[in-house]
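A.B. asks: Protein sequence lines correspond, in order, to chains A and B.
Every letter in the first sequence is one number past the one before it in UniProt numbering, and letter 98, counting from 1, is 98.
Every letter in the second sequence is one number past the one before it in UniProt numbering, and letter 51, counting from 1, is 51.
Treat the hints loosely; a few may be bogus.
[Stated by the list, open to error] The list that follows gives simulated cross-link-like pairs (lysine-lysine, BS3-like), each with its CA atoms no further than 27 Å apart:
{"hint": "1", "chain 1": "A", "residue 1": "K197", "chain 2": "B", "residue 2": "K69"}
{"hint": "2", "chain 1": "B", "residue 1": "K148", "chain 2": "A", "residue 2": "K60"}
{"hint": "3", "chain 1": "B", "residue 1": "K148", "chain 2": "A", "residue 2": "K197"}
{"hint": "4", "chain 1": "B", "residue 1": "K197", "chain 2": "A", "residue 2": "K148"}
Just so you know, the hints here were simulated from the structure itself, not pulled from any lab data.
Being a predicted model, the structure only gives us computed values, none of them experimental.
Number of protein chains: 2
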Amino acid sequence: MNKSIHRVLLAAPLFKGLSEQQLDEIGAIAIDKPYQRGESIFMEGDEGNGFYIVAEGQVKIFKTSLEGKEQILHIYGPGNPFGEVPVFSGSRFPANAMALVKSRILFLPRDAFVRLIAEHPSLSMNMLGELSMRLRQFTVQIENLSLKEVPSRLASYLTVLAEEQGSTDRVDLTISKGQLASLLGTIPETLSRIFAKMSVQNLIRVDGRQIHLLDMAGLEDLSVAGKLEEE
Amino acid sequence: MNKSIHRVLLAAPLFKGLSEQQLDEIGAIAIDKPYQRGESIFMEGDEGNGFYIVAEGQVKIFKTSLEGKEQILHIYGPGNPFGEVPVFSGSRFPANAMALVKSRILFLPRDAFVRLIAEHPSLSMNMLGELSMRLRQFTVQIENLSLKEVPSRLASYLTVLAEEQGSTDRVDLTISKGQLASLLGTIPETLSRIFAKMSVQNLIRVDGRQIHLLDMAGLEDLSVAGKLEEE
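Just chain A, same shape as in the assembly (with noise of 0.2 Å):
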């Protein structure tokens, strides 16, 4: 195989869990294309009939309006994956994507891929427990930074949604706890323990989407001093 592209798969986090081997057995079904600046790489709605790699330049994920506007999702560049995600669920692309330079990009082939994880169920186990275990870490992290100001904007959108409903001991939640969570800036694990915190704290009681308002004036204090700390 190819060392260079030994070399990019070695350095790519997708692959980080892999033995030599293993990298080698993925080395083996992958196709190293070259660029040119400006060139399509795929587009939307295209067929997802393999994931790509960046071995050397840089890449934009892109969509375009109806009106030819195009907005930029993404720019990837040496050692990250990009459509692995549409691939591994089997759906169309659902982005455009462009080499912004003159870039090196390695090509996984959809079908050759699925014949090595039946043939070495180890790779994806490895694989599996990679991308489970930067999940975690990548949860801490959002909880680290999340809990200095989701708590006050929770107890700010409660103290709202209390007024807008007409009533002050309890809410209906009109979204779901996923959609707030994202409202919030954060996820719905970390929201989950938000809402643990704030009812050992008595301020409230979570009923499934009934929010029970135990503390008022705790929430707007709390609610204020998140405000008070962003200026």
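Guided by the hints, dock chain B onto chain A, whose structure is given.
C.D. replies: Below, chain B without anything else, positioned relative to chain A:
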């Protein structure tokens, strides 16, 4: 298959991307185990011969120091998997697990799970797709949360390092970029983007572990701005 096992699997984020049929395949290898309050589930150092999903109740994951002091790492409730990282990666359990209350826990034996993946590669493709998608979402979330404060923390770190190294125009990072990201409370992906942004703003130029400080006054402003904001 037990209908209640199917319900637990359906609610578990780890299996979110899977079809009904794939959930049934996993359900067929899952073992439903009751645990009493305070009962041990596994001990640090045990071989990871399977992973777990909380069906009902609550589980604590903890370490015990040589002096017998307990440190709780996580508390998991319904839908949460645990032990899956070492089991996917083929290592031993790095901590202890114990039922905090009377619980029902699904056990998924490693051997049977590996066989399942080998027979149905689409199952692991879907799991890889789901985990990759969540990783991407979490990356965006961390970036959104980090962009407010991390640049000023980084500027502050660089100015302190410059003083330590007796230089005003460049510093040598003494830790890896991964460690630096963690020190600043973010992830390597976001730190790279912040480096890129500060380079575009002509504050710094990054050359491996060597950071050229192009605008010391600008860096000091950024570092102080962050501190003021935080107070």
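A.B. asks: Does the structure break any of the earlier hints, and which numbers would those be?
C.D. replies: Nothing - there is no hint that the structure violates, so all of them hold.
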